[in-house]
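Taking the hints into account, I'd like the entire structure generated from these sequences.
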Amino acid sequence: MENAWLIPLFPLLSFLILLLFGRQLKEASAYVGILLTLASLVYSVIVLAGRLQGPTFKTEAGWLQIGDLQLTVGFEVNQLNALMLVIVSLVSFLVHTYSKGYMHGDERFPVFYGYLGLFTFAMLGLVISPNLLQTYIFWELVGLGSFLLIGFYFYKESAKQAAKKAFIMTRIGDVGLLIGMVLLFWQTGSFEYDDIFAAVEAGEVSGTMITLTAILIFIGAVGKSGQFPLHTWLPDAMEGPTPVSALIHAATMVAAGVYLVAAMFPLFEASETAMMTVAVIGAVTAIFAASIGLVQTDIKRVLAYSTVSQLGYMMLALGSAGYVAGVFHLMTHAFFKALLFLAAGSVIHAVHTQDIEKMGGLWKKLRLTGPLFLIGTLAISGVPLFSGFFSKDEILISAWTHGNTFLFWLAVIAAFFTAFYMFRLFFMVFAGEARSQMKNVHESPVTMTAPMMVLGILAIVAGYVNTPWFGTFLGDWLVEGNGHGHTEGPVWIMLVATLVSLLGILLAYLMYGRRTMERDWLSSRLPITYSILYNKYFIDEFYERSFVYGAKAVSLFLRFIEVFLVEGLLKVVVGLVQGLGRSGARVQSGQTQTYGMAAFLGLAFLMLIFAITGGYFG
Amino acid sequence: MDIETLQSFEWGMMAPEFIILGVATILTLLDLFLPKRFNRKHLGWLAFAGVLAAIVSSVTLIGHDTDSILFDTFRLDSFAKAFKLLLLTGAALVLLLAVDYEPKEGMAEYRGEFFYLFLAALLGAMMMSSSGDLITLFVGLELLSISSYILAGLKKQNLKSNESAMKYVINGSISTAITLFGMSYVYGMTGTTNLKAMAGTLASLSEQQHIYILGMAFLMIFIGLSFKLASAPFHMWAPDVYEGAPTPVTAFLSVVSKTAGFIIMIRIMFSIFAAVPTGGQEAVPMLFEMQDYLAFLAGATMIVGNVVALRQRNIKRLFAYSSIAHAGYILVAFTAMSYVMFDSIWFYMLAYLFMNLGAFAIIQLLTANSGNEDISEFAGLYRRSPLLAVAMAILILSLAGIPGTAGFIGKLNIFMGALMVEPAHYVLVSIMIAATVVSYFYYFGIMTQMFFRPAAEGQGKIKLQTGITAAIAICTAATVIFGVMPQLAFDFLQTNFNQFVDFMQ
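Chains A and B, in that order, are what the protein sequence lines are. Sequential numbering of the first sequence, starting at 1, is according to my numbering. Sequential numbering of the second sequence, starting at 1, is according to my numbering.
No wet-lab data here; the hints were simulated from the structure. Please read all numbers here as calculations on a predicted model, not as lab measurements. Glycine residues also receive a C-beta, built at the ideal position from the N, C-alpha and C atoms. Possibly wrong hints are sitting among the right ones.
To be verified - The following label-pair restraints were derived from C-beta to C-beta distances:
1) B:L387 to A:D106: 15 to 23 Å
2) B:P35 to A:F605: 51 to 59 Å
3) B:Y426 to A:F605: 19 to 27 Å
4) A:Y155 to B:L159: 54 to 62 Å
Pasting the structure below:
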């Protein structure tokens with residue numbers, strides 16, 4: 001464990017090699033990336049095994065001295081970090097392998113692997129950071145990697161826009177994180193997680209301040225994890241290549257927000273208001289995104305809204321004091337959602353469209369992808385015996401036992417939605433007859449199917465590390481020594497969860513599988529609801545009208561001041577001095593007086609204020 | 001003053017200034033007597049060697065005790081040493097840009113002028129950093145300004161360059177007038193021009209009317225000098241002048257001249273106004289009482305710079321607004337006046353020097369051949385020249401303040417400084433963060449151009465010249481190194497300058 005810092009360096013090495021020699025290596029670049037992430041994966045597993053037996057390991061060195069303040073860098077291997085290391089390096093390794101087939105023939109193949117390396121480096125660096133500042137640094141780097149990868153198909157205008165939008169939307173959240181972080185620093189004198197928690201524990205920080213900083217940090221998590229109301233970038237981010245969606249926008253980066261809240265859990269726990277905020281935002285996001293997912297027709301967008309919704313579940317769990325539930329769902333979700341995305345990629349690879357209206361009948365043609373997609377769908381729908389069932393159950397129990405009855409029922413409804421839209425997706429893609437001409441539909445190469453199979457197995461078995469039947473190993477291990485608590489709940493919750501998910505599946509089956517019900521029997525009865533859902537509650541339009549126009553308006557306004565107001569004044573002055581200044585004005589464009597004028601006005605304004613306030617101090 | 005007095009001065013303290021003066025003189029003579037066909041580019045390398053020699057001599061002076069000569073008009077304190085190094089480093093990098101500057105109009109016949117005028121400007125800036133007297137400060141300021149006016153108009157055949165010089169000189173004169181008017185009040189109150197003597201006299205001031213007059217003087221001097229910083233309300237000249245001036249001159253104005261502006265600002269404000277009592281219940285110096293005004297101007301500068309930059313298509317105009325915004329960030333540190341103020345301003349200037357000069361080097365490289373300064377000139381840079389694009393990306397990320405770069409550490413320091421004082425400047429810090437977010441829009445606009453746009457038709461390979469390549473390499477490397485290991489710079493400050501405690505001695 002002493003050398004855990006090496007783990008992020010392998011992908012960094014891959015990035016550097018590909019930056020320098022990518023052009024020569026061409027598609028052999030894939031091997032560089034795959035081997036180096038494999039090294040990270042192997043090392044991560046060793047570290048996890050070490051942490052399962054040994055205690056938490058942490059080491060730090062001085063980095064920066066500002067006045068009397070000492071900032072440090074280092075790394076830490078605690079339960080959460082060790083688990084995250086394995087999740088991230090595993091998914092990254094699988095995505096590296098998968099991309100070899102998926103990106104085959106792309107002329108910027110080495111660049112793609114280079115960006116993947118950069119991203120993996122940043123993400124692994126993020127999860128072993130022992131303090132907030134270091135976390136923030138990698139947090140930003142992760143965002144940069146995501147920016148580059150979303151915009152990978154830069155010749156598409158939409159991809160370019162999506163990349164920019166993703167970066168800026170998440171940055172809005174980061175402002176909250178940065179302010180929260182700096183505030184915490186001034187309250188506790190440290191960026192170290194341990195020191196901050198100790199100070200909070202000892203009551204050195206006032207209650208209001210705890211709530212304020214926790215909520216500010218949560219705003220950062222909201223941006224990164226695509227929670228309401230900063231979620232709109234995530235569906236747009238689907239413009240990136242599909243393996244990227246699987247890695248960044250399903251399994252790792254978007255989960256970073258959840259990870260941050262989990263890592264800062266003692267701070268959140270200390271404030272009832274902050275916990276409530278996290279729970280409410282999580283639950284609202286869960287049902288909100290799930291309801292949008294009901295009507296989308298782009299295969300990746302359905303999955304994107306489903307990701308947003310599932311991340312909402314995790315937040316709900318954390319906000320309901322369900323530390324184990326949140327982290328557990330983070331893990332299972334990483335596997336089954338990565339599986340779903342890779343399978344979706346495989347479908348897209350085969351049929352060259354993302355529109356599910358044009359698909360259908362692929363079950364017979366994609367003999368591997370179909371069953372694997374079904375496994376993922378079953379897992380996310382919470383069908384018993386699959387991994388998602390156990391983790392979702394944990395979340396519902398947490399919400400119930402924490403007393404959030406209303407949020408509990410929201411989550412149950414969201415679970416129903418989830419089962420419905422996922423099976424709607426499944427049936428529309430794989431069942432029935434093809435709804436458009438499909439030529440040369442064939443199964444993907446083994447480099448693509450092999451990673452999917454690994455994830456398929458994990459999507460089934462990953463849940464068994466923490467079940468009410470065979471023991472709660474993961475939960476016991478995660479809370480060991482930090483007392484975050486683990487909850488047991490009534491059995492009926494499990495039954496309800498099973499029931500709603502089966503109901504959702506049944507409804508989807510009737511509407512899209514057997515088609516005994518008219519597909520539009522709902523949308524024709526509720527046209528307005530359908531339109532609202534289809535247009536994603538008009539959130540983008542709202543932002544467009546308010547913020548973007550707002551910023552443009554401010555800009556125009558300032559320009560207006562510059563051009564009309566100041567220049568208008570100038571015209572008066574010019575009228576007076578025209579006779580004198582005619583010859584001199586020829587060289588100038590006539591604006592330079594404006595500049596001097598602005599300076600004089602500024603001075604006069606300050607002088608005026610100075611005079612009004614009396615200019616006397618004290 | 002007899003010869004013995006003159007000899008008794010320790011002239012060695014002025015060695016860097018003498019070197020620059022000497023080289024400038026030699027260059028003048030060479031330019032005058034060398035035949036026309038001799039390529040004046042070589043004079044640039046001579047100037048570069050001179051600046052390097054001055055850097056070496058400044059470094060040897062670091063261990064020198066704090067002292068002053070010429071009746072306390074020339075000071076060698078930590079402040080002078082530290083900031084002189086910044087000026088010289090910046091000047092050396094600008095010279096690397098300048099030797100490779102070959103605009104389409106051609107300026108071969110008066111190219112030599114550039115180098116000695118440049119050194120004269122540099123000399124003025126260096127004198128300012130060491131001045132202990134209003135007279136020498138002012139002379140240094142004017143030496144810098146007048147040389148800069150000519151430099152801005154050096155492309156004599158180019159209409160825009162002429163316009164730029166004209167606007168610069170007019171605005172500069174207004175600023176000088178305001179500054180001088182303010183200074184005259186202070187002189188009137190104290191009867192001396194020596195900063196230290198002034199501080200002594202002012203400390204015993206108790207008459208409220210006098211304090212009131214000094215408050216007005218404070219505002220006038222600050223507004224006048226804000227011309228050099230290109231900060232609000234004296235920022236409007238910057239875009240026009242930056243756009244028209246030759247690119248190396250723009251780089252000089254945005255970095256070296258701005259640094260010089262902060263030098264004189266700190267010298268005057270902290271020497272004089274930190275000593276003025278305000279006569280309130282608590283003995284707070286006037287400088288601290290004026291924080292609200294400074295905060296207002298800092299905020300306005302950041303907002304104006306970043307918001308107006310959004311609408312720019314010309315890359316040099318865009319960087320002009322960006323440089324206005326950066327002046328605003330540094331003003332935040334100035335406003336906060338925490339005990340790490342000198343360190344954070346110095347570090348920010350260092351980071352800004354590398355990232356901005358590096359960016360200008362790449363701008364010059366891309367725009368010099370085509371003459372097109374539209375931001376679309378960056379389109380597809382990643383395809384045309386991946387390394388150049390990555391270098392530019394690093395520099396831009398640093399300007400935007402993304403972690404892992406020197407720019408981030410600089411901003412972080414300023415945040416910390418502004419929040420560590422009592423009462424903390426929450427509002428100002430919030431404005432700064434918000435303004436930074438706005439800046440992502442235009443910085444990432446350039447990134448989008450470089451990485452996500454195809455190159456225009458018919459654009460060939462980019463010709464890399466020695467000087468400019470070296471400048472880009474140094475700047476990019478330094479941006480990363482100081483971003484990852486900022487302790488290098490802070491250790492250097494702490495071991496050698498001891499938090500600038502000798503500033504007022």
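Subject >> Broken hints, by number >> reply: Those not satisfied come down to hint 4.
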